[in-house]
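Peer 1: Okay, here's what each chain looks like letter by letter:
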Amino acid sequence: MSSGKGAPTITNSGDLEAGQRMFELCKELWPLNRSLTGPGNRETLQILAREFPEIEIFEVPSGVEAFDWNVPQEWSVNEAWIKGPAGEVIADFSVNNLHLVGYSSPVHARLSLEELQSFLHTLPAQPDAIPYVTSYYNQTWGFCISENQRQGLAPGTYEVLIDSKLFSGAMSYGEIFLPGENKSEVLLSTYICHPSMANNELSGIAVSLQLARDLKEMKQRENSYRVLFLPETIGAIYYLSQNLANLQENVIAGYVVTCVGDERGFSYVPSRKGDSYADKVAHYVLDGLKSEVTFYEWKDRQSDERQYSAPLVDLPVGSIMRSKYGSYPEYHTSLDTLGDVVTPAGLAGARNIYLEALRIIEANFKPLATTFCEPQLGKRGLYPNIGKKGVYEDIRVLRDLLSWSDGSISLLEIAQKSGHDFWALHESATLLLNEGLVQNNSVRT
Amino acid sequence: MSSGKGAPTITNSGDLEAGQRMFELCKELWPLNRSLTGPGNRETLQILAREFPEIEIFEVPSGVEAFDWNVPQEWSVNEAWIKGPAGEVIADFSVNNLHLVGYSSPVHARLSLEELQSFLHTLPAQPDAIPYVTSYYNQTWGFCISENQRQGLAPGTYEVLIDSKLFSGAMSYGEIFLPGENKSEVLLSTYICHPSMANNELSGIAVSLQLARDLKEMKQRENSYRVLFLPETIGAIYYLSQNLANLQENVIAGYVVTCVGDERGFSYVPSRKGDSYADKVAHYVLDGLKSEVTFYEWKDRQSDERQYSAPLVDLPVGSIMRSKYGSYPEYHTSLDTLGDVVTPAGLAGARNIYLEALRIIEANFKPLATTFCEPQLGKRGLYPNIGKKGVYEDIRVLRDLLSWSDGSISLLEIAQKSGHDFWALHESATLLLNEGLVQNNSVRT
Amino acid sequence: MSSGKGAPTITNSGDLEAGQRMFELCKELWPLNRSLTGPGNRETLQILAREFPEIEIFEVPSGVEAFDWNVPQEWSVNEAWIKGPAGEVIADFSVNNLHLVGYSSPVHARLSLEELQSFLHTLPAQPDAIPYVTSYYNQTWGFCISENQRQGLAPGTYEVLIDSKLFSGAMSYGEIFLPGENKSEVLLSTYICHPSMANNELSGIAVSLQLARDLKEMKQRENSYRVLFLPETIGAIYYLSQNLANLQENVIAGYVVTCVGDERGFSYVPSRKGDSYADKVAHYVLDGLKSEVTFYEWKDRQSDERQYSAPLVDLPVGSIMRSKYGSYPEYHTSLDTLGDVVTPAGLAGARNIYLEALRIIEANFKPLATTFCEPQLGKRGLYPNIGKKGVYEDIRVLRDLLSWSDGSISLLEIAQKSGHDFWALHESATLLLNEGLVQNNSVRT
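Chains as they are written, first to last, in numbering that gives the first Met the number 0: chain A, 0 to 444; chain B, 0 to 444; chain C, 0 to 444.
Because the hints were derived from the structure by calculation, they are not lab data.
Treat the hints with care, since some could be wrong.
Identical copies look the same in the list; a pair holds intra-copy or inter-copy alike.
Stated by the list, open to error - Simulated crosslink set (SDA-like; lysine to any residue; CA at most 20 Å straight-line):
id, residue 1, residue 2
1, K298, E412
2, K416, G155
3, K272, S326
4, K298, I394
5, K215, P178
6, K378, G62
7, K182, E296
8, K26, N249
9, K182, R220
10, K416, E296
11, K298, K416
12, K272, E262
13, K378, S104
14, K416, I46
15, K182, F66
16, K215, L432
17, K416, D274
18, K298, F371
19, K298, A423
20, K298, L376
21, K164, K218
22, K378, E16
23, K378, L165
24, K272, H419
25, K416, Q301
26, K182, S223
Please build the complete structure, drawing on both the sequences and the hints.
Peer 2: See below:
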């Protein structure tokens, strides 16, 4: 895992253990009814706090302004079901929370099948799947079932109960801040607003928490790290509305961590301009993979990089994923499950890739030579004593590094210019730092 | 015609009418003996004034300085012919004004066929064509006939008469100025110095006048427009010598309108540096054509973009053409005729392409978002109420536009970055302007 | 030779004579035992002084600091040999100075064959060749013989004598400075530290001296020229330590002249950033060759461009070579000989290429038009009097040059933009300078 060239396969028992631990966390979080707000979100954050006590949990009252938006009402659901003509249960929120359209208002009614139809949502192209549907900003109600189930519904009278509340409560989110030697900051953001779906929700939470663990265990951190667990869109917008100046000043790179649990290939959605530091690091790490990687464009964005990279905000935030939201068939349906889609190995591989990116960000700097011309390596034991044909090649990495140490480009850029591996250059850079032959001017991008 | 993606074919009766009207104007202007100066130029401008009374006509006295040049003497021709040994007419200026070398000095003489030969110009490679020849800055005389006719000339004595005058008169040119809301200005320039040739002269005059009509009929103009009818080279140089500071301050784009009457493919000669706003608009419009387009380079320039884009002048002026001067066989010969080369449909298509370019220049601006992060589209009825798989795609243009509205790039550049059609973006931009979600900072290029 | 498009073949007796003269100089310098320091270097410089009296010779005492380095001790060798068990001579420095490892310390000993082996250097892959080996910064001793010879050595007692001295003396180098009209300066640097090797040592000295001759014979020099003859690495570093500010202020281009004597293809190692003026000129000249050229990258550097283009130094210095050091089989062995590798024709061709580069640097400037718009060429006799089809092409070079004369780009860049030959443009530029239509603002790169 110390080389950017290797595939992020699971290579030791530590990785396997971490994969299994992330998978267990997903299982525990699976049944909770997460949405923009509500008790499911709070329970999710409480479980994270048990695992990582340093997390700070915030409650933002409904109605609070956040740029062009307001924090929505809190939504809670006690019970929700449809019963058929014979009293049989057609769909029950307590069995699968996807059955209920998100933010459904309360209702108790008897309807004919014809009347019921307009409140039912199905996916004709995926007749076995229950779709995931929400109606956050328009009060209505509805149920989601499989197309197969809809086709089998008999004529008659149906009873519908939704015992839900929409009220002036609060929106919950969590934040982990790990201070480093410098104010320069790396942002990780994941969302906690989808009910029982595995890749497009739980994988992001589990990998983000694991990365927080990994960062906490580092003996020293050059950069500070901020890991956010918040509802998509409104959560990110609220957070930005409170912290924009600080983030614009300090964030050197960031990633939206989502869809990181399956075992399919990796993918990347860049920041808006496509050339931010986050983009450069992601490209370097993903280019080093032996497997195929899909590089998307800004036009393919669909998660919170929309807010972090918006005009006037413009943070250097991209998103490293496995199968991108919208690109895999199980997305936003009841088929996006633990086991079938998300696996311990899938989670572990994504954690490894992210960790490699973070390690590069930690280790990268712009070396500046302290001597004019080449230094005399021989007197420091860094040069072969006997000059013969070919001897020059043995210290090629060290010499190429020195030759690019003008303080204007980083090890990462030198890796790209010279073709040498980042970590080989870093090893030489550490040697040269120790010898006083280059300086680290703390320009870290 | 409202979409940059469609070919500029004649699509309605208005276009056909305009094509026919332009063609009739060409027919009326055909017989006049235009040159750098002289009565043919004045008659041409008088006809334009009858059609478009707002045109202002200028007379610049011979000898006036214009940068490195002087306005030439005025040239007028009363009569010019060659008669053969048997008194038969060999070439008569009153039949075709191409027979006389432009700016020929007066002569009345009898010469042997051998003596006459050195005053005759033909095109051996196009034996049926009478070539177009001038001698503006070296006093001489000559006649142009077809190579076939030259081969049939019998030995004997020939009588030559040129009843012409070169005298201290004036150079004439015309200018239409259509003020807009802003001082930013678009320049169209065409020339009025070629005698009876259709594509390489009359088409430019007719299309330029039609565009002036089209611009005049606009309810509102964001930019001001300047349409010049002047003799090539000396006319443009004189005009620049009088108006350079104003043009350098205000012109955002311009085109030399010439060779715009045939039905062959479109072509483009760029401004010197190739990346001016005129170039970008022309590329966008021409790239949208289904038919083949030839993109020339600066080295292929040959008309007044030479002056407008000269060093120290550097106006953003290119030239959208159909068949470029020099590239079609009839160029600068008697074969460049109305009907065979220039047609109503050819003129109408060129007018449409230019009109599309001008409309884009009118509509283009650099949108600047008024909110941090994405605005809440739902509360404004701009977002589908129910969130399900795929719903995001329906408002893709609007959201991509918003995501690029950082005030630094225009709708035209957003079209290129996003792959969306300019007019689709413009429709969304209008909606967002009306909602107050973007500002138009009046940065129009 | 006046056209950049032609191959630098030997085209006249002057070239052949120069080639022969360079070859004779190589022959005279061949037997001298050059190293970082010592009598062989001084004798080499004395011969150069006989040929070119303006050369200034410097002696730098051992121990003097030069950035991170110190000038090494002086090394001189009186006698050095190995005798075999039967008293037969195995290797004798007086027969071939490559037999002795450079900077060997004195020794007189009797050793068994086993003991001797660790002091012997051979090239198993090239069994006929004596390798070139040095040990500048680690006191030891050794001998170099062919692998074939090593295989034939009989067991027994060997006598080894090295009568050498390492002492506080001096390092010698030579400098030719040819002042020009301007302080802008071109640097040529070659090294004088290899014993009997032809392409990778003597060719550089001979061609550099010939170029100094050629430059001295120029009637007028726009730029000043500096030609350095110094030991590789420490020589260049010492020189830079004394002259850095002056060089950084004035050097517009420079080349390390080495490996310029064989008849194989040309090659180029660029300056660090690859876009210096030296690189642009070299590319233009080498691109014009009909034969194949190898363009190396910065990572392939291995000679004094390492110092001249180092971070904090950053002079615009590349290296035009024939077969690059390290790329040809005879490199750094006894096979790199006069006759087999280096020939008069090879030397003459390299001199021609360098001369072409220097002539372009002399002739190049950024023309600035003195008139707005195109000037009137006709009144100056620069334009064909009769305007007909095709006439424009005849003065294409002149007009394209004028159209790019905005003072921001040089003739060399105009050659690349327009596709015209540099010397054709230069001819037009001279005409325009004489007519006062362009200015030379002395911006020479």
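Peer 1: Honestly, which of those hints from before does the structure not fit?
Peer 2: 2, 3, 7, 8, 12, 14, 15, 16, 21, 22
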